[in-house]
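My request is simple: use the sequences and hints to build the entire structure.
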Amino acid sequence: MKRYLVSIAVSLLLCAGGFVSVANAKLDGPIRIAVVQDLTGPTSVIGIGEKNAAVLAAEQLNNSGLLENAKIELIVEDSRGTKEGAVNAFQKVISRDKVVAIFGPTLTVQGFPAHPIAQKAGVPTVSASNVGKGITAIGEYIFVTSTPEYKLMIPNLVDTVYPKLQAKRVAAIQAKDQDWCIDAVAAYAKAFKSKGVELLGVETFITGETNYLAQLNKIKELKPDAIIVAALFQDSGLIMSQAREIGIPASVPFLGTVGMNNPKTVELAGKAAEGALFGTTWHPSAPGTVSQKFVADFRAKFSAAPDHFSAQAYDAMLMLGHAIRNANTTTDRKAIRDAMANLKGVPGVLGEPIRFDGERHLVAKPFVLKIHNGKFERYE
Amino acid sequence: MTISYLLQQLVNGLVLGSQYALFAAGLTLIFGVLRILNVAHGAVFMWGGMAALVLVTKAGFPLALGVIGGGLASAAISVFLNRVGFLRLRKKPTNTFVDGLAPFVASIGFMMLLVNLAQHVFGSSVWRFPSEHLPTGVFTFWGLYVTKGQLYVLIPSILIILGFHYFIAHSRTGMAIRAIAFDPTIPRLLGIPVEPIITRVFLLAGLIAGIAGSLTGIAFSVGPFMAHDVLLKGFAAIILGGLGSLGGSLLGGIIIGLSEVLGVTLISSDFKDLTAFLVLFLVLLVRPQGLFGKKEEIRA
Chain A
53 MKRYLVSIAV SLLLCAGGFV SVANAKLDGP IRIAVVQDLT GPTSVIGIGE KNAAVLAAEQ
113 LNNSGLLENA KIELIVEDSR GTKEGAVNAF QKVISRDKVV AIFGPTLTVQ GFPAHPIAQK
173 AGVPTVSASN VGKGITAIGE YIFVTSTPEY KLMIPNLVDT VYPKLQAKRV AAIQAKDQDW
233 CIDAVAAYAK AFKSKGVELL GVETFITGET NYLAQLNKIK ELKPDAIIVA ALFQDSGLIM
293 SQAREIGIPA SVPFLGTVGM NNPKTVELAG KAAEGALFGT TWHPSAPGTV SQKFVADFRA
353 KFSAAPDHFS AQAYDAMLML GHAIRNANTT TDRKAIRDAM ANLKGVPGVL GEPIRFDGER
413 HLVAKPFVLK IHNGKFERYE
Chain B
-10 MTISYLLQQL VNGLVLGSQY ALFAAGLTLI FGVLRILNVA HGAVFMWGGM AALVLVTKAG
50 FPLALGVIGG GLASAAISVF LNRVGFLRLR KKPTNTFVDG LAPFVASIGF MMLLVNLAQH
110 VFGSSVWRFP SEHLPTGVFT FWGLYVTKGQ LYVLIPSILI ILGFHYFIAH SRTGMAIRAI
170 AFDPTIPRLL GIPVEPIITR VFLLAGLIAG IAGSLTGIAF SVGPFMAHDV LLKGFAAIIL
230 GGLGSLGGSL LGGIIIGLSE VLGVTLISSD FKDLTAFLVL FLVLLVRPQG LFGKKEEIRA
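In the order they appear, the protein sequences are chains A and B.
Letter by letter, the first sequence follows residues 53 to 432 of our numbering.
Letter by letter, the second sequence follows residues -10 to 289 of our numbering.
It is possible that part of the hints are untrue.
As the list claims (entries may be wrong) - Taking lysine-lysine pairs in the DSBU-like style, the calculated list, with each CA pair at most 35 Å apart, reads: (1) A:K417 / A:K386; (2) B:K47 / A:K422; (3) A:K386 / A:K242; (4) A:K316 / B:K47; (5) A:K220 / B:K47; (6) A:K220 / A:K172; (7) A:K316 / B:K283.
Stated by the list, open to error - Residues from chain A that keep clear of chain B, each with C-beta distances beyond 10 Å, as calculated: (8) K228; (9) K270; (10) P301; (11) E326; (12) R385; (13) P399.
The set of hints was computed from the structure by calculation and includes no laboratory data.
Keep in mind that this is a model prediction, so the values were computed, not measured.
Built from N, CA and C at the ideal position, the CB exists for glycine as well.
As C-alpha cells, then:
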C-alpha cells in the first residue's frame, strides 16, 4: 500500500513536470492507429515516404517502453491520390477498424472532404502534409504537423530574400488543382505587395501535365524579375527545366514552395534548378539529435533519404504516441485528443521540443533553402 | 502582343498537336477496323516511353534505337492485348449491346492493369531521359525558340503519320485493313484471313503509340501517368477529325493542340483545356460526323 501511494505520488509529480509516466494502470493491449496515405497514384512519392516514417516511428515507440505493454498496430490504407480514396479510407477505418486515431490523409484536397468524417466521429487525426488554409478549422480533432506555408514560410522567405533579390515585377505559375498552391501564390502576392513588388500574372496548369511551354512562354513575354513556382516537386522540376530551355535567363530566379523540397526536383530540373529558393521548417542537415537519429534510422531501414514530409510524419506519430501515454488510454479518443492539444516538451524531428499551437498546427521555425550545385543549402 | 511571341506559341501548339495526332492515329485505326474505343491505348503509349527509358539508361542503347525499341515493346503489348482480350470477346456469340460495350470495358481494365503494373515496376514518380543522352539546346531564329526536344517530337511525328497514311492507302495490308474496316464479313466470305490482318492493326497501332510515347518522353518526361492528358485529347482529336479517319486524326490532333495553346495565349491558362473542347463542340455542331467522318446510315 505504501509503495502504491509512493508510486502515485511520483507519477503525479512527473505529470506535473509535464513529462510522462503514470505507473498505476499500465497501458496494455493494441493501439489501433490508421495510416491513410497515397500509396499509389502520382502523389504516392509523398505518401509512401510518410507511411514509411510512420512505420519507423511506431516501431520505435513500441520498443521504447513509453507505451508500456501496449503496442501500436498500424492499419494502412491507400488513399490513391484521390478525394474519394481518402474519404472511403476514413469511413472504413473509423467504422470497421474502430481506430483510436488517424494519421493522414496525404493532400490538402483530400483533407477537406475526409477530416469532417473524423471530426464528426470524434477521432483525432494528424496529417503531415495538409498545408492549405482552413484545414484545422474543420474542428478540434484535426491536427497537422506541417506548418502553414502561406502564413509562415512564404512571408519569411520574402522578408529574407527581398533585400538581395530587388525584384520589381514577378510572375507566377501554379497548380490550379492544389489548394495549397493557390494559397501559396496568394501569400507571395501579399508579401510582395507590401514591398511594392508587382505580380504581373498567374499562369495555371493541372498537376501531372508535362508540357508547360505555352504557359511559360506567356510568362517569358511578361519579362518578370523572378518567377513563383507553386507545384508538387515533379511539376516544379519540369517547369524550371522548360523555363530555362525556352530562354528565360538564369538571372530570373525561381521562388518555390514546400513542393520543391525533394531531391527529385533537382533530378528532373538539372542545372535549371540552380538558385531556386523556397521556405521550409526542416532539412536532413538540421542539427537536432532527434532529427539526426531519424535521418540515420530512416536511411538504414528504407535505403533512401527522408524528405521533410517524412520528417513531419515521424513527428505526427511521435505526438500521437506521447498523447496516448499522457492520456493513459488506448481507446478513449476524446482523452487522446485533449492530451494532443496539451502536449509540451516532446523532443521531435522538427524541433526539441515540439508542440501544437492554438490552431493545432505544429510550431516550428521557418528558414530558406537554396538549390546550389544540385544540393539544398541553407540561405542566410 | 508581338508577332514573334504569337509565332512562338503557334510552334508550341503545332508540336503539342503533332504529339496528339501521332497518338490518335493508332486509336482511330483500331476504332475504324474494330469499332473499339481502346482506352488501353494510353497505357500502351506509356509503356513505350518506359521501355525506351530502360533501354537507353540501363542497356545503353542510343536514343534512336531506344525509340524503336519503345515502339516494338508497345507493339508487342498491343498484340498481346488483342490476343488475350479482344479476340476472345470477338469470338463470343453476337449480342449487339454487349458487342459494343464489352471490348470498351475490357480496354479500361487493361489500362488499369498496365498502369498499375508500371507503377509496381517503376514507382509512380516521373523520369527524364538523362541529360547526357538528350538533345539539349535550342534553335533560335526570328526570335523563336524551338528546343531540340520539340523537334524530336515534331519531325518524326509528321514523317510517321505520312508514312502510315501511305502504307494504309497503298500496301496490300493497308488495302485489306480498309476492306475489313468497311465490312468484316465480306472479306471473310471472300476467303481473306481477317484475324491476321487484325493482329497487324494492333501491331501497327501499338508500334506508333510506343514511338509516340518514347518521343514524348524524350521531349518532356515519362511516368506511369503520362498518358492521362494525351488519352483525353487523343479521343477529342479522333472525334473532331471523324472517327476512323486517319487524315482526320492528324488534323484533329493539330487543331486540338493549337486551340489549347491559343487558349492560353489569347485568354488565360485556365482556359487551356476548355478552349480545346469548345472547338470540338463547335465543330460537332456543324459537322456531327467530324471533319473527315462519313455519314453512316443503318438500313434494316
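Each hint, compared with the structure:
no. : hint            : verdict
1   : A:K417 / A:K386 : holds (29 Å)
2   : B:K47 / A:K422  : holds (32 Å)
3   : A:K386 / A:K242 : violated (38 Å)
4   : A:K316 / B:K47  : holds (19 Å)
5   : A:K220 / B:K47  : violated (46 Å)
6   : A:K220 / A:K172 : violated (47 Å)
7   : A:K316 / B:K283 : violated (49 Å)
8   : K228            : violated (7 Å)
9   : K270            : violated (6 Å)
10  : P301            : holds (12 Å)
11  : E326            : holds (14 Å)
12  : R385            : holds (33 Å)
13  : P399            : holds (32 Å)
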